[in-house]
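*Asks:* Go by the hints and put chain B onto chain A.
Number of protein chains: 2
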Amino acid sequence: MLKRYLLAPGPTPVPPEVLLAMAKPVMHHRAPEFAQLFGEVRNDLKWLFQTGNDVLTLASSGTGGMEGAVANFLSPGDKALVVNGGKFGERWGKICKTFGVQVVELKVEWGYAVDPQAVAEALKKDPSIKAVYVQASETSTGVAHHTKRLAEVIKPYEGTILVVDAITALGVFDLKTDAWGLDVVVAGSQKAMMLPPGLAFVSVSDKAWQLADKAKNGAFYFNLKKERESQSNNQTAYTPAVSMILGLQEVLRMLKAEGLDAVFARHARLAHAMREGVKAAGLSLFPKESPSDALTAISAPGSVDGQAIYKNLRVQYGITAAGGQDHLKGKIFRVSHMGYMDTFDVILTLAAIEMVLKGLGHPVKLGSGVAKAQELLMA
Amino acid sequence: MLKRYLLAPGPTPVPPEVLLAMAKPVMHHRAPEFAQLFGEVRNDLKWLFQTGNDVLTLASSGTGGMEGAVANFLSPGDKALVVNGGKFGERWGKICKTFGVQVVELKVEWGYAVDPQAVAEALKKDPSIKAVYVQASETSTGVAHHTKRLAEVIKPYEGTILVVDAITALGVFDLKTDAWGLDVVVAGSQKAMMLPPGLAFVSVSDKAWQLADKAKNGAFYFNLKKERESQSNNQTAYTPAVSMILGLQEVLRMLKAEGLDAVFARHARLAHAMREGVKAAGLSLFPKESPSDALTAISAPGSVDGQAIYKNLRVQYGITAAGGQDHLKGKIFRVSHMGYMDTFDVILTLAAIEMVLKGLGHPVKLGSGVAKAQELLMA
Chain A
13 MLKRYLLAPG
23 PTPVPPEVLL
33 AMAKPVMHHR
43 APEFAQLFGE
53 VRNDLKWLFQ
63 TGNDVLTLAS
73 SGTGGMEGAV
83 ANFLSPGDKA
93 LVVNGGKFGE
103 RWGKICKTFG
113 VQVVELKVEW
123 GYAVDPQAVA
133 EALKKDPSIK
143 AVYVQASETS
153 TGVAHHTKRL
163 AEVIKPYEGT
173 ILVVDAITAL
183 GVFDLKTDAW
193 GLDVVVAGSQ
203 KAMMLPPGLA
213 FVSVSDKAWQ
223 LADKAKNGAF
233 YFNLKKERES
243 QSNNQTAYTP
253 AVSMILGLQE
263 VLRMLKAEGL
273 DAVFARHARL
283 AHAMREGVKA
293 AGLSLFPKES
303 PSDALTAISA
313 PGSVDGQAIY
323 KNLRVQYGIT
333 AAGGQDHLKG
343 KIFRVSHMGY
353 MDTFDVILTL
363 AAIEMVLKGL
373 GHPVKLGSGV
383 AKAQELLMA
Chain B
13 MLKRYLLAPG
23 PTPVPPEVLL
33 AMAKPVMHHR
43 APEFAQLFGE
53 VRNDLKWLFQ
63 TGNDVLTLAS
73 SGTGGMEGAV
83 ANFLSPGDKA
93 LVVNGGKFGE
103 RWGKICKTFG
113 VQVVELKVEW
123 GYAVDPQAVA
133 EALKKDPSIK
143 AVYVQASETS
153 TGVAHHTKRL
163 AEVIKPYEGT
173 ILVVDAITAL
183 GVFDLKTDAW
193 GLDVVVAGSQ
203 KAMMLPPGLA
213 FVSVSDKAWQ
223 LADKAKNGAF
233 YFNLKKERES
243 QSNNQTAYTP
253 AVSMILGLQE
263 VLRMLKAEGL
273 DAVFARHARL
283 AHAMREGVKA
293 AGLSLFPKES
303 PSDALTAISA
313 PGSVDGQAIY
323 KNLRVQYGIT
333 AAGGQDHLKG
343 KIFRVSHMGY
353 MDTFDVILTL
363 AAIEMVLKGL
373 GHPVKLGSGV
383 AKAQELLMA
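So the protein sequences, as listed, match chains A and B. The first sequence begins at 13 in the numbering used here and counts up by one. The second sequence begins at 13 in the numbering used here and counts up by one.
Heads up, some of the hints might be wrong.
Since the list gives no way to pick out one identical chain from another, each pair is judged satisfied if it fits inside one copy or across any two copies.
[Unchecked claim] In silico DSS-like links for lysine-lysine, alpha-carbon gap of 25 angstroms or less:
hint	residue 1	residue 2
1	106	36
2	119	291
3	323	219
4	268	15
5	291	370
6	291	377
7	226	99
Note that these hints are calculated values from the structure, not bench results.
Pulled out of the complex, with its shape left as it was, chain A reads as follows (with noise of 0.2 angstroms):
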């Protein structure tokens, strides 16, 4: 008999009380009981993005909500800075192709956060510039770009929105979407959100939406003005995921119970006593600066293959953390901090890792990781 334990940087565990609200009857969409359900869970989104505006729900993941975030503000020739500090700074880029949109790409050494006087100097260089394409927190490194920084310095471009990928950031750690001057805000709900994959959400600024106006781009499914118009309405355009909508609406209930800045402090304590614990257990976070709360990449030490540590926490100990991307394949691995997560997520996930890497002929003391984290996570 193995338990299961869901430790990756998405899917995340979903709460049982959200899991019994998904389990409720299914309603119909046209009715006003789910109009009512849409209309709490709209104003609660505005709440858990800081913003005044619309905050727009989609069935689908994330990626829809980055393709709706590229479609419905660029036109085919339009210019876009994409931040390429990884695997999701990457699909960044690739959407912006697929929709025509030329690409000035912005290279970060994977570890490392954006320099935000590299965009600075890039979109002096080329005010052409339409939108700064970045990520909140880039899962495939663990690290969290400076999101407030590059605001302020997008902000004085009249014609150049911020779009923030913060599908692993929101409700992780604090996006000031209005007060920073956030256009574009894209989240997933299988993260912080702790809900099942299948819903993205996108605020929209008052600066987007004129950019929104001006751009001919063929968005039908991820139509973000339709949206609007369906959705101040309590409508959707499309039939929406009535199930993950029932859980959303527990999911906020539970996280406005426990209030923003709570949220903020717990993901920001456990993630701390985590990277304090992998270093005390004398392995090395892979971010070289600004490691996110999110998760935490941990390199592969000496010899050790990360894929095996990665495995072996699945098949051994019934662990699901994540490997490493790309040219990172075997050199990282990945465990995750967010949403339904507390102390004894991470001193079991310290524990294993000690074990599994003890398991694979590493030298490593049993225990050290675990007592650092214990230290720090005393009540």
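*Replies:* For chain B alone, coordinates are given in the frame of chain A:
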């Protein structure tokens, strides 16, 4: 946000597969589909009890099964030898007295197992004793009595049956009902059977049925003869707890897939790691001998109040363990290894105990007990 961990010696965690099975639509209990379900369950219960005898299922807590195991076999004025080495031994005595049974009490100091020789002497001294009542595992002290050796002592007495409370033993460690000659074995759903509370089980040998034929007590709801009549036709005398039996079907399938020896080995492995972890953390086990693999009873160290440990585990860390009962209140606390438990339940329990003790000012080295358990639980 505090996740909840159910680590008390009952109720124990219910696997998601079992919760899902229990969420199936309620069927009518006089319909053929129930008879089919109950037929499968009855067969599998025999496998779990290691018996060819009928195993009767009752809609009650384990105590209902204990009552049935007194009321059906003895008449007012009959004599019973009751082994009282803890709270549940004491309960056998109380039930016997309620039904007018004369109790010959064999007191055993809490923390010790009964000496089979003492039972032999009591029977020799008074061969009119018709039944010996004992716990296979005494939950209040964490001690396992020597069931097999007790059976050897009692077997020669043709008019005397051995009645075993196996509520925290069945599915934890080996109990060979037929091979050892355990006449009546009582179990409950909410321990190693991984179900919520609500079902009791009683297996009855031919020797015990012969005694039942002469017994004159007034059992109505817990009338085992009547249940045998109904249940041999895959029905029950009174309304069965249908959803619980749907869950039980899933539990028995899971246990059969794992195999009885593997189930026992898993409990032994986890309990051993817990005991060694407790000692490595500088703490003492409460049992002076024969610790049960169902749970570990730990002595509160030095000046620390055992109730404070129990309370802080729950309030600070979300872990429901158990305190001590009666004169052990404040002196011990108890954690379970029964049922749906794995490596990380042991590890997180030890981590939490260390953190609670340190929080209460007791000098404990964080990670010391955890490291021992990690070593013993390596895959």
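*Asks:* Hint by hint, say whether it matches the structure.
*Replies:* Against the structure, the hints:
1. Taking the closest pair of Cα atoms, residue 106 and residue 36 never come within 25 angstroms of each other, the shortest separation being 39 angstroms inside a single copy and 45 angstroms across copies.
2. In this homomeric assembly, residue 119 and residue 291 never come within 25 angstroms of each other (Cα to Cα): the closest approach is 28 angstroms inside a single copy and 54 angstroms across copies.
3. Proximity of residue 323 and residue 219 under a CA criterion of 25 angstroms is satisfied in neither setting, with 46 angstroms inside one chain copy and 54 angstroms between copies.
4. In this homomeric assembly, residue 268 and residue 15 come within 25 angstroms of each other (Cα to Cα) only across copies, at 17 angstroms, whereas the closest approach inside a single copy is 30 angstroms.
5. In this assembly of identical chains, the alpha carbons of residue 291 and residue 370 lie at most 25 angstroms apart whether taken from the same copy (16 angstroms) or from different copies (23 angstroms).
6. In the homo-oligomer, the alpha carbons of residue 291 and residue 377 lie at most 25 angstroms apart both inside one protomer (12 angstroms) and across protomers (19 angstroms), since each shortest distance falls under that limit.
7. For a Cα distance limit of 25 angstroms, the shortest separation of residue 226 from residue 99 qualifies neither inside one copy, at 30 angstroms, nor across copies, at 78 angstroms.
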